[in-house]
Every structure is written in C-alpha cells, then in structure tokens.
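Visitor: Listed here are the chains, written in short residue letters.
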Amino acid sequence: MTQKTGAEIFIESLKKENVEIMFGIPGGQILPIFDAIYDSPIKFILTRHEQGAAHMADGYARSTGKVGVCVATSGPGATNLVTGLATAYMDSIPIVAFTGQVSTNLIGNDAFQEADTTGITRPVTKHNFLVKNVKDLAETIQKAFYIASSGRPGPVLIDIPSDVQRAATEFIWKDKVEIRSYKPTFKGHSFQIKKLADAINSAERPVLYAGGGVITSNASQELLELAEKANIPVTTTLLAMGAFPPGNELNLGMLGMHGMYWANHAMQNADLIIAVGSRFDDRCTGKLSGFAPKAKIIAHIDIDPTSISKNVNVHIPVVGDAKSILSELVGHVNKKKHPDWLKQIDHWRKEMPYGYKDDAKLRPQFVIEKINELTGGDAIVTTEVGQHQMWAAQIYRPLKPRYFISSGGLGTMGYGFPAAIGAKFGNPKKLVIDISGDGSFQMNVQELATAVLNKVNVVVCILNNAHLGMVRQWQQMFFKNRYSAVALHTQTGNAGCEPVPDFVKLAQAYGAEGFRVCKKDQVAATLEKAFKVKDKPVIIDFVVEQEENVLPMVPAGAALHEIITGLA
Amino acid sequence: MSMRHTLSALVENKSGVLARISTLFAARGYNIDSLTVGETDDPSVSRMTIAVRGDAKILEQIEKQLNKLVDVIKVFEYSETKHIERDMALIKVKASKSNRAEILQIADIFRADVIDVSHENLMIEITGDEDKIQALIEMLTPFGIKEMVRTGIVAMARG
Ligand SMILES: Cc1ncc(C[n+]2csc(CCOP(=O)(O)OP(=O)(O)O)c2C)c(N)n1
Numbered sequence: 115m116t117q118k119t120g121a122e123i124f125i126e127s128l129k130k131e132n133v134e135i136m137f138g139i140p141g142g143q144i145l146p147i148f149d150a151i152y153d154s155p156i157k158f159i160l161t162r163h164e165q166g167a168a169h170m171a172d173g174y175a176r177s178t179g180k181v182g183v184c185v186a187t188s189g190p191g192a193t194n195l196v197t198g199l200a201t202a203y204m205d206s207i208p209i210v211a212f213t214g215q216v217s218t219n220l221i222g223n224d225a226f227q228e229a230d231t232t233g234i235t236r237p238v239t240k241h242n243f244l245v246k247n248v249k250d251l252a253e254t255i256q257k258a259f260y261i262a263s264s265g266r267p268g269p270v271l272i273d274i275p276s277d278v279q280r281a282a283t284e285f286i287w288k289d290k291v292e293i294r295s296y297k298p299t300f301k302g303h304s305f306q307i308k309k310l311a312d313a314i315n316s317a318e319r320p321v322l323y324a325g326g327g328v329i330t331s332n333a334s335q336e337l338l339e340l341a342e343k344a345n346i347p348v349t350t351t352l353l354a355m356g357a358f359p360p361g362n363e364l365n366l367g368m369l370g371m372h373g374m375y376w377a378n379h380a381m382q383n384a385d386l387i388i389a390v391g392s393r394f395d396d397r398c399t400g401k402l403s404g405f406a407p408k409a410k411i412i413a414h415i416d417i418d419p420t421s422i423s424k425n426v427n428v429h430i431p432v433v434g435d436a437k438s439i440l441s442e443l444v445g446h447v448n449k450k451k452h453p454d455w456l457k458q459i460d461h462w463r464k465e466m467p468y469g470y471k472d473d474a475k476l477r478p479q480f481v482i483e484k485i486n487e488l489t490g491g492d493a494i495v496t497t498e499v500g501q502h503q504m505w506a507a508q509i510y511r512p513l514k515p516r517y518f519i520s521s522g523g524l525g526t527m528g529y530g531f532p533a534a535i536g537a538k539f540g541n542p543k544k545l546v547i548d549i550s551g552d553g554s555f556q557m558n559v560q561e562l563a564t565a566v567l568n569k570v571n572v573v574v575c576i577l578n579n580a581h582l583g584m585v586r587q588w589q590q591m592f593f594k595n596r597y598s599a600v601a602l603h604t605q606t607g608n609a610g611c612e613p614v615p616d617f618v619k620l621a622q623a624y625g626a627e628g629f630r631v632c633k634k635d636q637v638a639a640t641l642e643k644a645f646k647v648k649d650k651p652v653i654i655d656f657v658v659e660q661e662e663n664v665l666p667m668v669p670a671g672a673a674l675h676e677i678i679t680g681l682a
Numbered sequence: 154m155s156m157r158h159t160l161s162a163l164v165e166n167k168s169g170v171l172a173r174i175s176t177l178f179a180a181r182g183y184n185i186d187s188l189t190v191g192e193t194d195d196p197s198v199s200r201m202t203i204a205v206r207g208d209a210k211i212l213e214q215i216e217k218q219l220n221k222l223v224d225v226i227k228v229f230e231y232s233e234t235k236h237i238e239r240d241m242a243l244i245k246v247k248a249s250k251s252n253r254a255e256i257l258q259i260a261d262i263f264r265a266d267v268i269d270v271s272h273e274n275l276m277i278e279i280t281g282d283e284d285k286i287q288a289l290i291e292m293l294t295p296f297g298i299k300e301m302v303r304t305g306i307v308a309m310a311r312g
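First to last, the sequence lines map onto chains S and Z. The numbering of the first sequence is the working numbering, which starts it at 115 and goes up by one. The numbering of the second sequence is the working numbering, which starts it at 154 and goes up by one.
Bear in mind the hints are in silico, worked out from the structure with no lab data behind them. All values derive from a computational prediction rather than experimental measurement. Where hints are given, some of them may not hold.
As the list claims (entries may be wrong) - No more than 25 Å apart at the CA atoms, straight line, and that leaves these computed lysine to aspartate or glutamate pairs for DMTMM-like: (1) S:Lys424 <-> Z:Asp195; (2) S:Lys301 <-> Z:Glu216; (3) S:Lys484 <-> S:Asp396; (4) S:Lys290 <-> Z:Glu216.
What the hints assert, rightly or not - Listing some non-contacts, in silico: residues in chain S with all C-beta distances to chain Z over 10 Å: (5) Ile135; (6) Ala200; (7) Glu228; (8) Lys240; (9) Leu244; (10) Tyr296; (11) Lys343; (12) Lys410; (13) Ser423; (14) Asn448; (15) Asp460; (16) Trp462; (17) Pro467; (18) Trp588; (19) Lys646.
Stated by the list, open to error - Label pairs and their in silico Cβ distance ranges: (20) Z:Lys167 <-> S:Leu145: 24 to 34 Å; (21) Z:Ser155 <-> S:Asn362: 42 to 52 Å; (22) S:Gly361 <-> Z:Ala310: 57 to 67 Å; (23) Z:Ala310 <-> S:Asp396: 36 to 46 Å; (24) Z:Asp269 <-> S:Pro190: 43 to 53 Å.
For each residue, glycine too, the CB sits at the ideal point set by N, CA and C.
With the hints as extra help, turn the sequences into a complete structure.
Guide: Written as structure tokens, this is what we have:
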C-alpha cells in the first residue's frame, strides 16, 4: 500500500470532508502540514492573527451552515485561538481547529513553543484530541468533523505533534464514524410531542421563544408553519435573528435586556411558552424569579438535554432536532386564532413603540435604519459587541436565516470583522456588512490586510461614538455618570481632541476604501457608494452622537417587564 | 435538600478523561466528596465512582453534563437501585502501652485489621460503607489520629 505522511493525510481527510477553505497562520511545529498545504487544492487564507482565523472560520460556518476550519502552530498560535474557540463554543458553532504541537518525545518538557493545548482548550471546545500516532489521524479528523457538526454543534480541536505530521502510514477513510460514547438524540419523543401539541391546542396566550438552534437545524420553515397554523407570536433571541420572516405580523422581534417592550410583555403574560433551540440565557429571561409569572406551562425543544431545566424549570421537555420535532408537531396542532392575545400584544406595541430621537444630529440608530432600508434585509450583517450590536439587532431586519451573525454568548469584541470576512468567503456574491463600534473594530483591525490582499469586499460601518459606548452607558446609568476608562480619544475625556485613529487614513494605509460621514444627509449616498465597491474592503467612519443610549433596557437583575424605556 | 449521591460513569479508558470530568465539576461548581477510577472487566472502559452533594436539580444537571462529555459512555445514579458501597481507610492512631489493648478491641468490634504496629502507633485498615468508617473514626479520635487516607467510594448494583 502507498504510504502517506500525517501532513498528507491531513489534506486527504479535509478533501473527504469537502473542506473548501481554511484560515490560519503557520509556525515551527506545523511546518509539515503547511508543506502539504502548498500543493493542496484547498484554499488557504493567511490571516494576521490566529483569533482572526478562528472568527473567520466561525463566520464562514454561521453563514453557510458548513464546518469552519482554522489552523495554527503550537504554543502562542494555539493560545491565540482560544477566544475564537470560546466564542464558537458559547454559540454552538461547528469549527474544527488544527494546532501543531511539539514532537511527542518532547511533550511535557517545556519545549520551545510548547503549550498544553488540549488542557487549555478543554473548557472551550465540545471535544478535543491529541493525536500521538499517525495511524489514528484520519479517523480522528473524521470524528472531529462529525462531533463538531452533529448534536449541539461546537468547536473541536485536534492537536498534532510535528513528528506525527511527518510519520507515514496507509490512508484509510471509513464510510461512517461510530463513536460508542457519543450518540446525540435526533428524533423527538412522540409522546412528548403530542403532549406539547395538546398544550398548544388549549393555550390562550402562547408565545414561541426561538433561539439559535432554529437556525442551526434549518428549522425556519417549520417554525413559520407552526406559528401560522396555531397563530402563535414569535420572539427571537439575538442568535435567532432572521429565523422568522421580518414582515410577518407574528414576529415580535428580539426579547430580553434590550428587547422589544411588547416581546418582553408577551413573555411575562403568556400562559404557554415554547422555547425552541433557545437556552433561557439570563440576557433573555431577566431575573429568574420574576420570569414568566403567568406561564402555566413552559415547553422546551432542544437537542441538548443539559439545556433543559438548567435555568428555568421546564414542564414539557422535548429533546431532539428542532426541524424534525417541529414538523411532527405541526401535524398535531389545531388551526387556531388568538385575536384577543394578538390585540393585547398590539396594544403594548402601540403603548411603547420602538424609536429614538429623530433630530438633526447623526444618531447611530439612523445609520442602521438606512442600512436596513437600502439592503431590504437582503445582506449578511455581522456585528461586534456593544451598543451598535444591540441597535443592529433592534433595527436591522434580516430577510433570511444566517443573515445576522453576532457573538451572543461570549460577547466577543473584535468578532464581527473577521466573521464578516469568513462570511464573504462563504458567500462571495452576497453583500456583507460589519456593523461595528470604534472600540471593537480595533480589536481585530489587522485583518484589513487579509481582506485587502484577498480582495474581500466587506463594508465595515463604524458607529464611532468615541467611547466604549456600552460600558459608558452602564457607568452613566448605574455608576452615577462616573466615566472610568471608556473614552477612546484621550486618557481623560474626549472633549476637544482629535480622534485616534483616523479610520479613513487607516483604511487607505491598508489599501482599503475609507469614507467619513458626519451628517445625516450623507448617510444613504455614502452607503450606496460603499455597496458598489467590489474588490476591496470599505470602512465608513460614521461620526455619531457620543452619548446615545440603547433603550429599552431591562437592568441586570430586574424582571423582564421592569423595563426602562427612557431616561429622565 | 442537599444529599449525598453516588454516581457511576463508564468512560473510555483514555488519557485526559479524568481531566475532562474534573474540569466539568470545577467549571460548574459541583462539589465532589470522592472520586475513584479503575479499569473494568473491559480494559478499554474505566469506571468512575463519584460521590457528590447536591439537591435533585443539581444531580440531574450533573448526570446530564457527564453524559454530554464525548468520552462518557454511560452514567447511572445509585440511590434508586439496591446497591453496595465500599470505602477503605488506613488510619494511623497513637497508641501507648496503656491503651493499645483498648484500641485493638475497638478495631476488633469493627472487624478492622491492624496491619502495622510500632512503639507509638497502630495502623488500622477498615473496609465498609461510609457510616461504618465514620463510626470507627469517631471512636479512634480521642486516642489521636495521626494520619488517615481513604480510597473513596466504589459501588455496585446488587443482583
Ligand atoms: C474582548 C472584550 N473585551 C471587553 C468587553 C466588554 N465590553 C462590552 S461592550 C464594550 C464596549 C464596546 O465599545 P465599541 O466597540 O466602541 O461599541 P459601542 O458600545 O460604543 O457601540 C466593552 C469594552 C467585551 N465584550 N469583549
């Protein structure tokens, strides 16, 4: 039999898994693999930081539904991946990460660039492997892709010592992987599904609370069918934005800390809550003891049994894949109308409509409103973390699933830009926009080089408020206006100083396109100009109001209905 | 109600599995009273016996979280089934000429073995369930326990 080296097996295995692109940075302990990459048909994107590579793999995965792949060297290369893995882990995103490791005979000796990579990444991966024998490599890779993409997806890391990359063996690829200790439940229990259908059929004030799992399992169509047949309003988490059609009258928008007033009130007054692929995160539930006081039944459809009754006690759990469960469920529910309930929700909608001050000033919300208008929701929007992220979730209306990509669980600043690059690689024909803050953008700004050199057109809209805005807002609201370490243009406060950096010049320095917008009437024209650029990234520096706040807001520790709608 | 529970997990006999389980317990803030690991009749499978404290809700989470680990094959909880638990302790107790006989008598009542003797100490080995070991420890404490080591609980269903 012909022998292949570990490095060649790596490539052959990725081909078998239909990998078309990987992101990363080489280094000493992964040289054999990079030598194999040199001849390989799989596209390799050299990033400027391993964190960027992990987020690109993540953005690629979220936008395509495929597994994202990133590659790094041992030691610092591996540790630089950690934030990216943790981000993907918290949001259940399938990634397979490969790291080089010092040669097996040196492991444990504090060798140069040695790190206990499997130890460090254990809490932030779904699973990880250290491959000590080249004979195990192909099967390990196959298992990694299977684990990453099945059940509740998540990142998997494979650590490969350099001698294993060099050693040779026969390449054997099995038709199917079997892992006796890993058998995720897929099909929901029929009895539970019928029980849930009964609950739906007798509910008067039902709400569907949809989470990222709906997108993961491609269950949007089934969700829509259920909602329409049983006439149930739908509220979505940050990760489920786009899972329900924006124009549908049953769409309540996002719930939670910065969710819609009426969505939160619907949760608090519902007699039946059906969670689908959501996990009762504290940003969604508010104070647990005050959560959904009128709910007689809380049902939870989720593929991960540990999500069930973790935070909120669930009466009807259904473990399995959302798509399969919802389609079975639809068959059991009655056609129904809830006119009084929907009228009540509409009343809340009119009582406290979403809005912001629409005056002559350039306010950040206005920019997002224009983005929404011009794209009609038909663009992939990624976000960083902070105020701009919440405004994006409140205002942007993604037309389809996978059109809104944001770090929800970990809340990673610096996520959105590399994720946008990854999404663009996965969707070359699609307009991809990163809605960013001036703080967050600087956390992975180095990836401008990656985007420019690969002619990746993503449009970065920086809502430049000269602050770490979200932290400033909390300091204003809960720490008596004491702004501690949040001004980005000076050490002491922003008054009268020059912005640092000049984002337009920065764009130009990298060979990207840069625009600055200070007035409302320039917003639409500049966006249109930016959307026409084809072969390079664009940065638009929107110089917006510095002290705008995200509202409404449920303060941390308050119940969902204890919502602040305006500041005195 | 915070009760003691005995969980048993069949896991892949591979390096890193113990670390995964201890990482899980640490990260989720679960308290382990004792944890033992050993090979089973199938050398590719190890059995971990874990004694934990917590209410029913926490116990359910622990079981589910353990099951979620890729290397865990099966988890069961013993409180509902008839089972036998054993723990072993080695206890070094101060013993002088004057009280040695008394200690030996106590050991005898507990059916514990004296496995080492010196001028100042006796070493006693006891096997049994937690209550029995606890009772012996209480009896020996007045003499002065100099050192003690316990294996932690192992358990097996009856029948
Ligand atoms: C890596 C990381 N560090 C710190 C934080 C804490 N944090 C949350 S929001 C925020 C401010 C974000 O500022 P910016 O990107 O300018 O967005 P804005 O809130 O102004 O829209 C900070 C520091 C975080 N989420 N992520």
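Visitor: Would you mind marking each hint as holding or not holding in the structure?
Guide: To see whether the hints hold, each was checked on the structure:
Simply put, lysine 424 of chain S and aspartate 195 of chain Z have alpha-carbon atoms about 34 Å apart, too far for the 25 Å limit, and the pair is violated. Under the criterion of a C-alpha separation no larger than 25 Å, the hint pairing lysine 301 of chain S with glutamate 216 of chain Z is consistent with the structure, at around 21 Å. Proximity of lysine 484 of chain S to aspartate 396 of chain S is assessed by CA-CA distance (about 31 Å); at most 25 Å being required, the pair is judged violated. Distance check on the hinted pair: lysine 290 of chain S and glutamate 216 of chain Z sit about 28 Å apart at the alpha-carbon level, beyond 25 Å; violated.
No beta-carbon of chain Z is positioned within 10 Å of the beta-carbon of isoleucine 135 of chain S; the least distance is around 26 Å. Alanine 200 of chain S, annotated as away from the interface, keeps every beta carbon of chain Z farther than 10 Å; the closest lies near 12 Å. Consistency note on glutamate 228 of chain S: stated as away from chain Z, and its beta-carbon is indeed over 10 Å from all of that chain's, at 17 Å minimum. In this structure lysine 240 of chain S is not separated from chain Z by more than 10 Å, as the shortest Cβ-Cβ distance comes to only about 7 Å.
With a minimum CB-CB distance of about 7 Å to chain Z, leucine 244 of chain S fails to clear the 10 Å threshold, and the non-interface call is violated. Residue-level check failed: tyrosine 296 of chain S sits 5 Å from the nearest beta carbon of chain Z, not beyond 10 Å. With a least CB separation of 32 Å from chain Z, lysine 343 of chain S remains clear of the 10 Å interface cut-off, as annotated. For lysine 410 of chain S, the non-interface assignment is confirmed: its Cβ lies about 20 Å from the closest Cβ of chain Z, beyond the 10 Å cut-off.
The claim that serine 423 of chain S is not at the interface with chain Z is violated, since a C-beta of that chain comes within 10 Å of its own (minimum 7 Å). Annotated as non-interface, asparagine 448 of chain S keeps its C-beta farther than 10 Å from every C-beta of chain Z; the closest such distance is 33 Å. The Cβ of aspartate 460 of chain S sits about 38 Å from the closest Cβ of chain Z, beyond the 10 Å cut-off, so the non-interface label holds. Its beta-carbon lying about 33 Å from the closest one in chain Z, tryptophan 462 of chain S satisfies the requirement of being farther than 10 Å from that chain.
With a least CB separation of 40 Å from chain Z, proline 467 of chain S remains clear of the 10 Å interface cut-off, as annotated. With a least CB separation of 26 Å from chain Z, tryptophan 588 of chain S remains clear of the 10 Å interface cut-off, as annotated. With a least CB separation of 48 Å from chain Z, lysine 646 of chain S remains clear of the 10 Å interface cut-off, as annotated. The hinted range of 24 to 34 Å is satisfied by lysine 167 of chain Z and leucine 145 of chain S, whose Cβ atoms lie roughly 28 Å apart.
Roughly 47 Å separates the CB atoms of serine 155 of chain Z and asparagine 362 of chain S, a value that falls within the hinted 42 to 52 Å. At about 58 Å, the CB distance of glycine 361 of chain S to alanine 310 of chain Z agrees with the hint of 57 to 67 Å. For the pair alanine 310 of chain Z and aspartate 396 of chain S, the supplied restraint of 36 to 46 Å holds, since their beta-carbon distance comes to about 39 Å. Checked against the hint of 43 to 53 Å, the pair aspartate 269 of chain Z and proline 190 of chain S passes, with Cβ atoms roughly 52 Å apart.
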